[in-house]
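Visitor: Join the two chains into one complex using the hints; note that each chain is given alone, in its own frame.
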Amino acid sequence: MPDMVCDNCGSSDAVVHLTQIVNNEMSTHRLCEKCAAEKGLEGAPEPVGFPLTDFLAQMGDVALDEADPPESGCPFCGLTFQDFRETGRLGCPQCYETFATHLRKLLRRIHGGVQHVGKVYLPPDPSASDMERRLDGLRRKLHRAVESEDFERAAELRDQIRSMEPA
Amino acid sequence: MNDLTPLPNHGLSWLEASGDHADIVLSTRVRLARNLQGHAFGPRARVNDREAVLRRFKESIGRSETLRGGTLLELPDVAERSRRLLLERRLVTRDLLGEDDTGPARGAAVHLSDHEPVTVMINEEDHLRVQSLVSGLRIEQAWRLVDRLDEELGRELPFAYHNEFGFLTSCPTNVGSGLRASVFMHLPGLVLTKEIGKVLQGLGQVGLTFRGLYGEGSEVVGNFFQVSNQTTLGKTEEDLVDHLDKIVRQVIQYELQARQVLLRDARQVTEDKIWRAYGLLRYARSLSFEELMNLLSGVRLGLSLKLLPGLRVYTLNKMMIFTQPAHLEQAAGRDLPPTESDAHRAAYVRRVLATEGDVSADDDPSAADETPAQP
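Heads up: the protein sequence lines correspond to chains A and B, in order.
Just so you know, our numbering puts 85 at position 85 of the first sequence, and the rest follows in order with no gaps.
Counting the second sequence from 1 gives a position; our numbering is that position plus 1000.
FYI, nobody ran anything at the bench for these hints, they're computed from the structure.
The hints are all genuine.
Label-pair restraints from in silico Cβ distances: (1) A/156 <-> B/1239: 19 to 25 angstroms; (2) B/1079 <-> A/112: 42 to 48 angstroms; (3) B/1266 <-> A/156: 48 to 54 angstroms; (4) A/150 <-> B/1076: 41 to 47 angstroms; (5) A/156 <-> B/1338: 49 to 55 angstroms; (6) B/1279 <-> A/10: 38 to 44 angstroms; (7) A/139 <-> B/1079: 46 to 52 angstroms; (8) A/97 <-> B/1332: 50 to 56 angstroms; (9) A/105 <-> B/1163: 15 to 21 angstroms; (10) B/1338 <-> A/11: 20 to 26 angstroms; (11) B/1099 <-> A/129: 43 to 49 angstroms; (12) A/151 <-> B/1264: 39 to 45 angstroms.
To give a feel for the contact side, a few chain A residues facing chain B, derived at Cβ under 8 angstroms: (13) 79; (14) 88; (15) 90; (16) 92; (17) 93; (18) 103; (19) 106; (20) 119; (21) 121.
Each residue gets a CB set at the ideal place from its N, CA and C atoms; glycine is no exception.
Only chain B is shown next, with the shape it has when bound in the complex (with noise of 0.2 angstroms):
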């Protein structure tokens, strides 16, 4: 069985916060959808189809400079809380693990480069997924790393390709170029002075879509949104790389300007709101993970404001990813019923900030950057 322990590094280069405006934008994400000519795919896929697009792809990974010295994971070998890890670092879906009682199909793996932030998928919903994940706004590089495996693979394997349809994939959402760019943002400006509604229908107008993370009821989580294209057909992957970016920099102007909305006419309640957030993180012995999502949200806020000093972007990167069950599981060395995994939760955002983001400390936002991943 594997288990992630050699792995301990992957999906975790976005948390530097190094990107463009890393406080409001975490992370961009750039996949392209391709499949093998002569082959089933999708639903109708068999397995021998999988098998054989497996075997190809194994047989390509040398010849790929991205891919060369990385790691391949038959999903059906690895252990089902290292399937759980890699889904909640967002290098799998939860359609390449396939049902909970059957597990992952014969032939779903994932391959994780070594030395790129770039993953590919094998056997999902279309043959190949090539994924890079960036910190920031960073959509041109993104892009630039999938476009570079995609050629290295294409020079190896017989995509599925048309003259007039593009690189064929299994729904027809995807066809063409077969290129999903997504940018991971927190926009609580806009949620809290009740703009967001206008900004988010705006972005359907543009050819834009996106999604939050949404609790129980209606309420929005973290006010955290993905914001993404959505046609993929008759456009350039430029135009569309472009498209998006522009577009979410004139979000990112809207939510600064929000924010300085909020400070100028509600300044004490905004503060106070920040402040209680940070107090809860520090002190509760008790967390669920929606309820940290909405704290991190005003911490994410205060810092973003410098209303807190001494806490920086990648401490509160870190404790998205590493108050997920499966992570805590993986630190306690043992499952953990809900109540548990609670309090787990909380004793992590307490050690880490006592550590990391006392703001009593003192400021230096110039300070070096350790490594990530210390959990």
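Bound conformation, chain A alone (with noise of 0.2 angstroms):
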């Protein structure tokens, strides 16, 4: 069996192989312990989920059919998109206003979803609406422990719901 070489540094003999399913499409890696230690496999629990950079990289120009990203990068931490590109990683929560447009692209693809419909967090001064899609949540939360005859836990949202609802 030939030696292997890491597909991450070309340097060092590949040791962990990484199957991807995405897609319908399968990929095949073959890393070296410190690749594979730097994307966190190596007996570790997260999941890789996902090459991102790769993923941005077959994207290529397509990220930039749009208005280009701001040049100067975000405002508040200074990364830029090609910053973005290179590591898969956005900065600070700024980033994601600073470069929506292209975000919500790349999140469409990666989760086929762009609008989060999950818990709603109250910020400390919540504004009406605010309230109000909360309190649709735990609604949702409450049906879905009736319907499952989890009654304690109906009970503790129907707490909630009534402490937070206008008197």
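Guide: Listed below in structure tokens is the structure:
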């Protein structure tokens, strides 16, 4: 069996064999211990999830079809879109606003959806619509608890809802 | 320097094998990723960002029911072997511990609850990673634990949240719910009947991902797989969790069917494999971790097929934890070079099987469990 070299650094021998299936396509990567550790494999509990940087590289010029991302980058942390494409990581909450257009495209590809429909977080000074959204979420949870006959949980949720509803 | 002697049982509650299908599903893990407003995260976080996050987290501990009374470990102050112990117990990740030569960054910390199987990593890829780890297939329970803690923390800390994108994370693959639910499974039947490829490919088609424990070359180690949700945005947390549960239960059914096929069409070969594995574990003088995992797989299958009376899932689970390098060194009280490590591993396994897993002993599967954590 010929020695296999790491796909990532190209120098060390590959000891970890990673197979990923995303959107019906299977891809295989062979990584040396160091590169695998960097990606969080090797006995660590985190699934690698997604080689985001490869994905971003594939997207290539597609991302720049729209208006170019701000050249100066994020006003809060200084991250540029190029940084993001190289590392697959954003730098701060503000980045999501700064690069919103491009992120929407990317998120649609990764997750299929773009709108968060899960838990609603209430900031310290919630607006009326924040509250309403939160109540909707809780009511959904309550419905689910009742359906699955988890009446103790349903009671907890009912109390939470009652304490939030306008008098 | 902190060491782990005051915390002998952390990360071990899943060993008790008390959840659903605990022979096939070893454990369930749910984690939520959260960041704080007003601070850079991940690779852009500077020292003062990380220190601010840690400080704010510390301030919130007293007001959290889940966190109160637990232990906060600031990793730069934790001894190297203790850090590896935490890693081996899956309480921290390599990312949190940093590069080998530089060690954990200032601000990297982990909080261990003393009354719930929940941990919080501070200043990993995201500011906060809240994680629960429970025995067997119990996704709902694991989710509830982190959901509750998330509510408690959310009242005290200003989370970075966006109406459209949800909870904001360093990596866009986590944004939205920030939820990653994983199930750690043993699928020897599917591997041996060569059905595993089809099943794993099917997972990808329903929005799930998997990884196994791989050794050298392309062999899967131990027939263990971790199945998780891949998407985190556009579905509610409940839907993500229900979906994973549903699919995992299907996979369990496929695995059970595959095992029946093995018994029906290849009984002698299968039994022989299982008993050889038991024999090696019982008497070998040297075991690498990889070889141990492969042998444990055979024995775990044997236990599941009721071919090895007197052996309990708890014993097998225990053997996966305490045979790891840092755990062996802790028991030995000193560093161990690889050949010695292999010998210590084999000795530990022999001892445990002689006392807890001697299959010539009386079979009483309903014997009461002792408390976990008896290395």
